[in-house]
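Student: So the chains spell out like this:
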Amino acid sequence: MEAYSGVFSEKAFVEGLRTLRRAVQAWYQPEGPGTEWVAIVLKAGTFPAYREGRRRYEATISFTEARPQLVQGQ
Amino acid sequence: MCFPLVPIWLTRCRPTSASAPDEPISQRCEGMTQVRFYATLEPPYARLETVPNSVDCGYVPPGGGGGEEPDPDPDPEPEVIWAGLWAPGGIPVTVSPQAEEAPAFVEADLYAGFPEGHPLAANRPLTFVSAVRATVAPSGVATLNLAPYLRSEVGALLSSGSRRLDLNSLTAQTEDVYVGYQLTMGGQIIAQGYALNSVLSTEQLVAYVAGRKLSPFGNVLPLWPGYEYQVSRLRADFTVEAVKGGPGLSGGGAYIYMPCPRYGLPVAWLSPEGGFGYWVFSGQPVHGDEVGEGQGTMKPKPRSCATAAGQPRR
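Protein chains in written order, with the numbering used here: chain H, 1 to 74; chain R, 1 to 314.
Where hints are given, some of them may not hold.
Label-pair restraints from in silico Cβ distances [as the list claims (entries may be wrong)]:
#1 Thr127/R with Val7/H: 45 to 51 Å
#2 Ser9/H with Val141/R: 44 to 50 Å
#3 Lys43/H with Val141/R: 41 to 47 Å
A few chain R residues that face chain H, going by a derived Cβ cut-off under 7 Å, partial list only [as the list claims (entries may be wrong)]:
#4 Leu167
#5 Asn168
#6 Pro216
#7 Phe217
#8 Gly218
#9 Val220
#10 Tyr227
#11 Met258
#12 Pro259
#13 Pro261
#14 Leu265
#15 Pro266
#16 Trp269
#17 Leu270
#18 Ser282
#19 Gly283
Examples of chain H residues lying across from chain R (beta carbon under 10 Å, computed) [as the list claims (entries may be wrong)]:
#20 Glu2
#21 Phe13
#22 Gly16
#23 Thr19
#24 Gln25
#25 Pro33
By construction, these hints were calculated from the structure, which means they are not laboratory data. Built from N, CA and C at the ideal position, the CB exists for glycine as well.
Just chain R, same shape as in the assembly (with noise of 0.2 Å):
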């Protein structure tokens, strides 16, 4: 009697089949993963196997070592991940040689820029930075840290071919503040995501909701009439893209006006949220032709903020 319960065996279900139990009715290759079919006679009819980073499939193992049994427990694919380039930890990914004898530390490869399918990745393609080493703790583990790899890595290009946090960059507000990053050892992918310039940790930054904007007030930002600034956000697809800092801005959050400052300062710094902060002080004229003879009797009119930004509105 047939149970039809998925296709591909209803052609299969042969009561005098003679095909040994063992041997798959179908097999195919999904990357380096093999998948096999079996069907059996008893329950429960029909059963699926998965061989990640299949031999059969093309998959070479780290070390050469071809022809070998698949490894019975591979190491998944690293999952794409956000972390901060400033965070006390830093960027740390673990190894955990699987030799039998221990090696004395191990090294893998990390490059740098965006991979393909990002956006960005036909301007600033995945490029090598640097070999990475660890020593390998009497655990057995070794713990890589990027960050300091990967600093250097984000602001704007300058001539000398170094990167640097420039406020004054085209791209000070989106790629200036991240870059994607993949860890290779033997030739396979141990770790890989972006690299942005917060000091939040992986945890926190996996808990940030995708369109919460990088800024040290959170989602409640201060406005100034007449001073316009640009916020960063993050984004499911991990892209970050510029927003002007207004109530049109969507995506939620509170705005709230300020006093309008005399002689506006505006003052930008790193947010430890990534993206930059921003605040408009309000300073004093270094100089002048209001500037009298320093003994503090000088007393400038109020402004109002967009005169003093010299846009004048309204």
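Isolated chain H, as found in the complex (with noise of 0.2 Å):
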């Protein structure tokens, strides 16, 4: 499942962002906001890097659902 960040350019969002690449655990909403999260593995994803000067970032991150098994919980 791909997805995509939308422009952004705060460097907070730009740093922020990133930590998803190294997070050890994510979930995402399949159906939406006040529904069950769902545990995920990141498979691949592109996170710009904070540069002066530039105003435009936008991620985007390729992901699975986890098996329940392998939900090692943290």
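Given two chains presented individually in distinct reference frames, assemble the corresponding complex, making use of the accompanying hints.
Tutor: The following block contains the structure:
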């Protein structure tokens, strides 16, 4: 499954979103807000690094749902 | 001549006092600390001595060596601190055994839960987790790392009795993200504090301003209309509260509205600051009645954030 972050420009967002790349556990809500969170495994992603003067950033991720036995909890 | 500096020796100030110079005129116990007041006929006229961990006040030295002189250099009660469970250095506690024959290793008992006085103590009191061992280095110092033992102590309680971080838990943003701990050796507390699911070092966490949100975005939070989420926030009384991410949130910070995502896909992940990160990606529908035969001709209509969220607003 692929997902796109949209365009953003804040340095805090650039650096914050990059932490998703290293996160050992992530979840998504396939049914939208307020519904069940499902654990995912990140397959790939492009996370731009912050550069002075650059105003447009966007990230993409590609992930699959984690099989229950692969959810390590942390 | 009397100098009424403190009331306690105003009553005792007699020029012909026969009391021995080293005899305290008042002594009492404050916990295990003994406090003694002395009066002298010459400056400074009054003297105060405190003996922490005084044997006379019920302190039992580790190793059962009762009746000996009080430790002239006693260890102070360890400070309560926040520590990061996933910090590269873990949660280190250094111990220097004072025995004449240096032991090969030290062992301490680790407890996890919430100590007395904490709002969550009734739900989850401190319980024994494990005996923690470390070898003593040639320098005479042993370092116990508590993080590996405490990582499995945070998260939502499963029916199996173990814990796992689960965002579907009602307490995912509060008590699931941290746990109290206490390390005791010989009945004496040598370390205590709270372990947070962050990668920040103890120094970084101590420098944290109480009230700061646990988010990878710091105090600048992204908002998507129709997508409400919670963030965790540290409080000065060693509790974590969940607050709704949004402009109504007290405690300052900036909020930036993001463009509406097409087929919004909320994603959350463990934040290195503790708590969880949150971002609404725009995804591609995997199944649905608009999907064609894979020729890439499908062009879903842009929807508002609220419509995509399935929560019509306005």
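Student: Hints first: check each against the structure and report whether it holds.
Tutor: Now for the hints, and whether the structure bears them out:
no., hint, in the structure
1, Thr127/R with Val7/H: 45 to 51 Å, "49 Å, holds"
2, Ser9/H with Val141/R: 44 to 50 Å, "49 Å, holds"
3, Lys43/H with Val141/R: 41 to 47 Å, "44 Å, holds"
4, Leu167, "4 Å, holds"
5, Asn168, "5 Å, holds"
6, Pro216, "4 Å, holds"
7, Phe217, "4 Å, holds"
8, Gly218, "5 Å, holds"
9, Val220, "4 Å, holds"
10, Tyr227, "5 Å, holds"
11, Met258, "6 Å, holds"
12, Pro259, "5 Å, holds"
13, Pro261, "6 Å, holds"
14, Leu265, "5 Å, holds"
15, Pro266, "4 Å, holds"
16, Trp269, "4 Å, holds"
17, Leu270, "5 Å, holds"
18, Ser282, "5 Å, holds"
19, Gly283, "5 Å, holds"
20, Glu2, "6 Å, holds"
21, Phe13, "6 Å, holds"
22, Gly16, "4 Å, holds"
23, Thr19, "4 Å, holds"
24, Gln25, "5 Å, holds"
25, Pro33, "5 Å, holds"
Checked against the numbered hints above, the structure violates none of them.
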